[in-house]
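K.L.:
Okay, here's what each chain looks like letter by letter:
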Amino acid sequence: MTVSILLFLPIVAAVITALLKNGIAKHAALFFSVAQLVIALIFLSKFVPDASTQFVIDVPWISSYGIYFSAGIDGISMVLVLLTTVLVPLIILTTYQHQYKNEGAFYGLILFMQAGMLVVFTALDGFLFYVGWEAALIPIYFICALWGGENRIRITIKFFIYTFAGSLFMLVGIIYLYLQSPDKTFDIHNFYKMTLDVKHQSWVFWAFFLAFAIKMPLFPFHTWQPDTYTEAPSGGTMMLSGIMLKMGIYGVIRWMIPNAPLGFFHFQALAMILGVIGVVYASIIAFKQKDGKRLVAYSSIAHVGLIAAGIFAWNIAGVQGAMIQMLNHGINVVGMFFIWDIISRRLNTREIDQLGGIAKVAPRFAIGFLIILLGTVGLPLTNGFIGEFLLLKGVFDFSVQHYVNLVLAIIAGLTIIFGAVYMLRMYKNVMQGETNPLTATFADVSGTEKFTLCLICVLVIALGIYPQPILHISEAAVTQLVNQIGSKFTM
Amino acid sequence: MNTIIIISVLPIVLLYLGLYKAQKALLPVTVIGLLAALACAICQWTAKDTAAPIYTGMLLFNNFSVVFSSVTIVSTILILLLSKGYFERISRHTAEYYAIILFSLAGIIVMVSFNNLVMLFIGIEIMSVSLYILAGIKKSDFASNEAALKYFLMGAFSTGFLLFGMALLYGSSGSFNMDAIREYVVNHPHIDPMFYTGIALLIVGLCFKVGAAPFHFWTPDVYEGAPTLITAFMSTVVKTAGFAAFLRLFSACFQPLSDFWTPILLVITIITLFIGNITALYQQSFKRMLAFSSISHAGYLLFAIVSLGAASGNSVFVYATAYSIASIIAFGGLILVQQQGGSDNFESFNGLGKRNPFLAFVLTVAMLSLAGIPLTAGFIGKFFMFSGAVSRYHIGLVIIAVINAIISIFYYFRVIIAMYFRADERAELTVPVYYKVVFALSALATILIGVYPDLIARFI
Amino acid sequence: MSTFYFIAFLSIFFSILVISAKNPVHSILYLILTFFTFTIHYILLNAQFLAIVNFIVYMGAILVLFLYTLMLINLNKESEPVKPFMVKVAGVFGGGILAVAVASSLKLIGASNPVLLQNPDLGLVKNLGKVLFNEFLLPFEVSSVLLLSAMVGAVLLATKEKEPKAA
Amino acid sequence: MESLTNTMHAVPLNHYILLSTIIFAIGVMGVLIRRNAIVIFMSVELMLNSVNLLLTAFSVYRGDATGQVFVFFIMALAAAEVAVGLAIIVMIYRNTNSIDINVLNRLKW
Amino acid sequence: MDKYIWLIPILPLAGFVINGLGRNSLSKSVIGFIGSLIVLVSFGLSLAVFFQVKSTGVPINVNYFTWFAVGALKFPFAFLIDQLSAIMLLIITGVGFLIHLYSIGYMHDDEGFGKFFAYLNLFVFFMLLLVLGSNYLIMFIGWEGVGLCSYLLIGFWFTNPDYADAAKKAFVMNRIGDLGFLLGIFSIIYVFGSIQFAEIFPKAATMKSGAGPLLIITILLFIGACGKSAQLPLFTWLPDAMAGPTPVSALIHAATMVTAGIYMIARSNILYTLSPFTMELIAYIGLATALIAALIALTQTDIKKVLAYSTVSQLGYMFLGLGVGAYTGAFFHVLTHAFFKALLFLGAGSVIHAMSGEQDMRKMGALKGKIKTTFTTMMIGTVAIAGIPPFAGFFSKDEILAHAYAHSPIFWAVGVLTAMLTSFYMFRMMYLTFYGKFRGTHEQEHHLHESPPTMTIPLIVLAILSILGGFIGVPEVLHGHHELAHFLEPVFHKSNEILGEHHLSESLEYALMATSVVLAFAAMAYAYMKYAKNGSVPVADTEERPALTSLSYHKFYLDELYDFIVRKPLDWLSTFFYNVIDKLGIDGLVNGIGRGTIETSKGLRLLQTGNVGFYIFIMVLGIIAVLLYSVFGLTKI
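Protein chains in written order, with numbering that gives the first Met the number 0: chain A, 0 to 490; chain B, 0 to 459; chain C, 0 to 166; chain D, 0 to 108; chain E, 0 to 636.
There could be a bad hint or two in this list.
Pairs of lysine to aspartate or glutamate residues, derived as DMTMM-like cross-links and limited to a Cα-Cα distance of at most 25 Å, are as follows [said to hold, decoys possible]: (1) E/K369 <-> E/D301; (2) E/K567 <-> A/E350; (3) A/K287 <-> E/D558; (4) A/K289 <-> E/D586; (5) A/K287 <-> A/D182; (6) A/K192 <-> A/D57; (7) A/K449 <-> E/E110; (8) A/K157 <-> E/D558; (9) A/K100 <-> B/D423; (10) A/K287 <-> A/E350; (11) A/K287 <-> E/D570; (12) E/K582 <-> A/E433; (13) E/K367 <-> E/E357; (14) C/K106 <-> D/D63; (15) A/K20 <-> B/E427; (16) E/K73 <-> E/E198; (17) E/K362 <-> E/E444; (18) E/K529 <-> E/E542; (19) B/K47 <-> A/D182.
Hints listed in this document are in silico derivations from the structure and should not be mistaken for laboratory results.
Produce the complete structure using the sequences and hints provided.
P.N.:
Structure representation (structure tokens):
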């Protein structure tokens, strides 16, 4: 049993779905994505949580360049595979209320994108990684541009060009590593073994950093993100924010730091500062946002900034925090965008100031909103807490060890205050207060919506109460990776 | 060798067919003849690549030649398949058009298998002279006339430099034979300055032929003015041949002197990339955009020569193949839109995604391939090129190339945007069966090569 | 020796006249003269075959063709609009620099070996014919393709024809 | 004939190259300063001829006949080119009643 | 007993789930019954646990599962019940039960009845978690959880935007403190490598007094306590929190949640004892808070606001106690304060209930006869809080003041002054409410009625506790045994050892007590003269007030100040970041690059003039450049 099943099924599914008629396509897509989830769970059940890579497939691909179709799952990948396979059916569920024209294409693209992302998360070959990276980008571009809002054309092309720009630099970095590798392959373990000097590693670091920083996005490479999230159809936004940005984070953990540790440690402080600035900066911007989706977009930047900072701290707490936070952020942000999707579908507006009092007419919706919100602000016993706790601890340890004492940790920690400020402000203006003519007729959630919302809420709480199983999956792999890099290059 | 013979004799046969008014037989005969030529070429392929020069060192039909002959022949076949009904609209002399295209192809086969500068020169001239004619076959069309004259004047001008360069090479090395020249380069501690100047002038001449800046000026105007099918031929087959010849000459003879000529080509490459990509950005005509894009692709192809190495041949081959296939789709689509929509502006592609989903899809694949997006052949080509350049530590060049690749996204995606995201009420285009076959084959090849490049990447 | 320099001077002189004559017909006539000086150069170099071919092909055929064309399209008067002066200056300047650049890149300043006729038979028809039909047989044959193509093309382009019905 | 060849004996190779270069450059100038297509074309012919002369000089200098053979091919090319070129010019003239290259500026930008 | 400890918090959680899910389907009586009973059962279990601890004197430690682990660090889900938490358990479940009972009557007509009980149960759960946790992390869960419940309950009537704002403010201010707490936890992990109390405190006890890490840890934790327990500068949320239903104010914002900070510091007493600077800081902050809040309370007209500021002031008192090392005293005050402040709030609730929702004391008066039980019990509470012996407040306050004097007489002086002010504003409230003329509308007068038994019974129980509660801590000076101190001795043992006993002579202690009692009586008398006898009523909002009064009435303009120095700049920054830096700056740069490229394209394409002459000219220039390179480049090769 190799990981290839997981990689090829969605492609087949995408083709089949794309050929189906409206009305059937969404069910087929849901079916396939659930099948995918089941397969992932089977993998999980057979997965041995040690540091090894399992279910490996390794066949020659482009022999003249030493390129192999080489993929496998270790603890780090497993978490992300889970994230992808859990979120995709969830996202498909959230779009159930929409009647997209040319539905087959829409869901086909989503499934194709899933394939690309799974390739990214499992690839053990640099070339394959890059191919998956781009293969995930094309479908989302079309999803956003075909089914997006008014300004979609301008904004999506910017998004595409921007992220493509970053990834091309990464490609150069990968090629460079390949040419330096002793036996001329793109094998990641081969890359790990190399010892370039600081100068060259710095170049490699920047090549990767650009790609990942844009993808995440990290301040100041983030400006494509709010626009794109706002314009994209909700399913696309969820794919982007829920799963796709994790590609960048995953890349940092798997590809950037281990491949250029000296380069990374050379710029660690800078990267850290960027992450932390992102947290505060995006949070502050989120204060006064009028458009709900845009607000969530900025909050996502803040969260990702914290995740990045946790990874850049490069200790077990930080990286483990990032691992679990990736999963949790995925669930929460999908939930948040789902909330806004419901609102905008009913009321045709996302202007926070035009809303109010919805909690009064739609109590079930309000509860769902509140639970997801609490997850987002990281309240204990919701999923957001563990991640934030570990991330902040990672940042804290880093900042104590690196002679800046608590400054970085305090600034990063502001996220828990600012997060509460903008989220509660949004909740207050949208849900609380008296109803107005627009919101008075707001229908409470029911049917699929209710089911989906419940599912998200259950995930939020369940992962908050007992996160250890998830942490356990990646623990060995993360520990080994961190120790390996850390011990080889302690400064 | 049989390939050259077949392709030289075939046009004469066609001319006779034309004489006897067998218009219907032209295309089938051409295609069959070309397939025979292709088969002959492929038969020459040997696993170990041990071909020896033939005809007193005039030709060397090695794997390199086989591969490039094949790709040019295949591209020609595909383009000719698009010509169904195309030439009839221009005039009655369809046989002559086929004949001249084939003459040109004969020149190209010579170009990719020369082993003597005389053959290179004759090959280039056969190709060029035929192209001067082809550019002007729409006799009553001003644009076509203008294209022909511009191409002709500038081509003849550049030929002068090419010849001057060859003369200087001859003057210093004493021979036109490539083996002798290589001998001279390798064994002479003091290379005559004349030889260097000769190389410089050869670079000028060849850069003109492949459309590299600042010798590219003819390209957009001629491409725009020439009949679209001819433009397709020029930008695919001719360009491939130009690079094959370029590469063959430089890898065989001048490699040891790369310290001298690399900087020149480096600068030319950079200028070409920027001129091609940036100028393409603001074009309103799809055809002209493709012309500029072809300039930028010339820039990428130059990478292989700048970072000359064992893999260069393969890189050029893969890149040129990818580029040719994608361009054929693009030009095929353009012909349909132009004929039935009346204009070659981007606007005429509006709403194509809805009206002609298949056409829009293959055009999208082509654009993605041209833009170098993974899982298409274009990406593999770019990947090979970048790898080559990085291996020679031309990191700066690669970064510039990356910037240009980013710019190029913008204009390639304009087509996609027009097709899918802009609505328009126009009638559906009819896509003839021949076109469908070409499109399907090309799109399939683009994706196949993109997914599994080993299919073609190991022939040289 | 001085013959060479005299003829060289004439070559340059006439070629300058070619490009500066206002009337195209005069240009052609000067060109014929220039080519004639070239023929003399060939003879000086004992390249007899080339001298003859140059005389026949260039002066006899090609330039007559030029002249004929010029007459055909009735442009034998000084009707050519002149380029702006600055453009001309730039053109001359560019050409001049080109010459200097070529010359200097060839390191032509220093003395060099004289051109010695090692084999007096070199440029004779017999000798050349041998080379042409042994070593260079293939290019010779392939040139036929070139000429054929040019022939077909010239006919194709130069003939007047009625347009087939508009597309 | 003998006397002629003797006169040549003392001419250095560089002077031949220089002469060719100058004629070549004059051809280039012609191309640059004239607007009449035919005259431009003639200038190109001038360039080609300078190359011919150069090749011949090299050929004699090296005692190798291939240079002269190459000249022969260049002449063949020139003939072909002239045929095609003049045909194009005639065609243009038919359509525009002019062979001024500055009139040819429809294709730009 | 250990086996059932998990039931104590789980029962309220179950109540939350049942009431939450059944809020629309179950009848109000069922909901009320379940909600209260569950807390009562918890109380019973707590009692059992309490007695076990009391009899054995050994803390109970139960470990359930590893919540999460990272690297070598494990975060167990474990409970610790020692003397301190046992008492807290009793307060939470005991007072909690009474308030649940009270709510059945108080909230009876509210449509969110089910929701209310669910929230209340949830609160009890989190609060229990807070005190039961055997490590800082579990404590933090409860810590944040009670903050959430506070948010939910303050914003219970969320359709009123002001209430929703108050809820938000409470949550955010708490979060500021929480950040401090969180960083404190990180520091603890960093320094001690553990978060288990049982591992940290012994290690800490061996550290030097005034050690740097301890200083940082204690200050960070104290910031957390400031947020939760409404100390300067983070106290402004608490008065606003009165937006919630009155039982909430009683339970959360008086008896339990706000004392979490004191609990936490008492729990970590050894860390603080070894960090004298922090102690000093706590004392100053506590004192300042007590004084300022008391000054504000002097002029308030909203009955709940008076109580709210009084709470802040009393909390300040407790911090003063902590700061001067009177851990037992502070905790004693927590206990007594829970009784009388809950009583006062519930009483106020009863008044509001009677007045059909009116909270402004200017509209009340002469209620003494109408609602007798309420009046009596409230009077007991007022006497207790004013520090008049032998009511509960006297003993606890006295203990703190005695320690304060031992620390510094000035502390004591300010403390006594505050106590006097307390006495004044509390009696002012009583007289305004219950004496004089009725100043409300006829409608209200018509509806005046005593509350139902579910409401009065808790009042009576609490009143009894307010009277008797003090006797568990009668100091030895008054020939008592101070049961509480002995009971808590194991918890504070180390600290007391380090700090040593304070040595005040008996006569001095008597003198101090006498002074404070006399001053309290004086204040009471003055209030009586002014409000009961002369019937003076605070002026309406529209009228001018004297400057000092106005300053007090407007809470020293602290809210406005915060608005000015925190909120406004942040809002401005938000707009600035978004419009200028993000859109104009960064995005402008990004777009500028794109636009620049297109502009370049516009320019560059003009190079393609269409003129052959020009083309060739450029070509020649190119060739010249190449040749020049050959000339000059060759010299290098």
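K.L.:
Does A/K289 pair with E/D586 here, judged by a C-alpha cut-off of 25 Å?
P.N.:
It holds: about 19 Å lies between the C-alpha atoms, which stays within 25 Å.
K.L.:
Could you grab the alpha-carbon distance between A/K449 and E/E110 and see if it respects the 25 Å cut-off?
P.N.:
Given that 25 Å is the threshold and the Cα spacing comes to 23 Å, the pair holds.
K.L.:
Would the pair E/K582 and A/E433 pass a check requiring their Cα atoms to be no farther apart than 25 Å?
P.N.:
violated, 34 Å
K.L.:
Taken at face value, is the distance from the CA of D/D63 to the CA of C/K106 at most 25 Å?
P.N.:
The given pair, whose Cα atoms are some 23 Å apart, holds under the 25 Å limit.
K.L.:
For a C-alpha distance cap of 25 Å, please report whether E/K529 and E/E542 respect it.
P.N.:
At roughly 20 Å apart (the allowed maximum being 25 Å), E/E542 and E/K529 satisfy the hint.
K.L.:
Is E/K362 within 25 Å of E/E444, Cα to Cα?
P.N.:
holds, 11 Å
K.L.:
Does A/D182 lie within 25 Å of A/K287 when you go C-alpha to C-alpha?
P.N.:
violated, 55 Å
K.L.:
Holds or violated: A/K157 and E/D558, Cα atoms, limit 25 Å.
P.N.:
violated, 44 Å
K.L.:
Measure nothing beyond the straight line between the CA atoms of A/K287 and A/E350; if it is 25 Å or shorter, mark the hint as holding.
P.N.:
holds, 12 Å
K.L.:
Starting from E/K567, check that the Cα of A/E350 is at most 25 Å away, please.
P.N.:
With a Cα-Cα distance of about 22 Å, the restraint between E/K567 and A/E350 holds, given a limit of 25 Å.
K.L.:
Tell me if the straight-line CA distance from A/K287 to E/D570 falls inside 25 Å.
P.N.:
holds, 7 Å
K.L.:
So if I understand the rule, the pair passes when the alpha-carbon distance is 25 Å or less; does A/K287 with E/D558 pass?
P.N.:
holds, 20 Å
Of the hints listed earlier, those the structure fails to meet are numbers 5, 8 and 12, in rising order.
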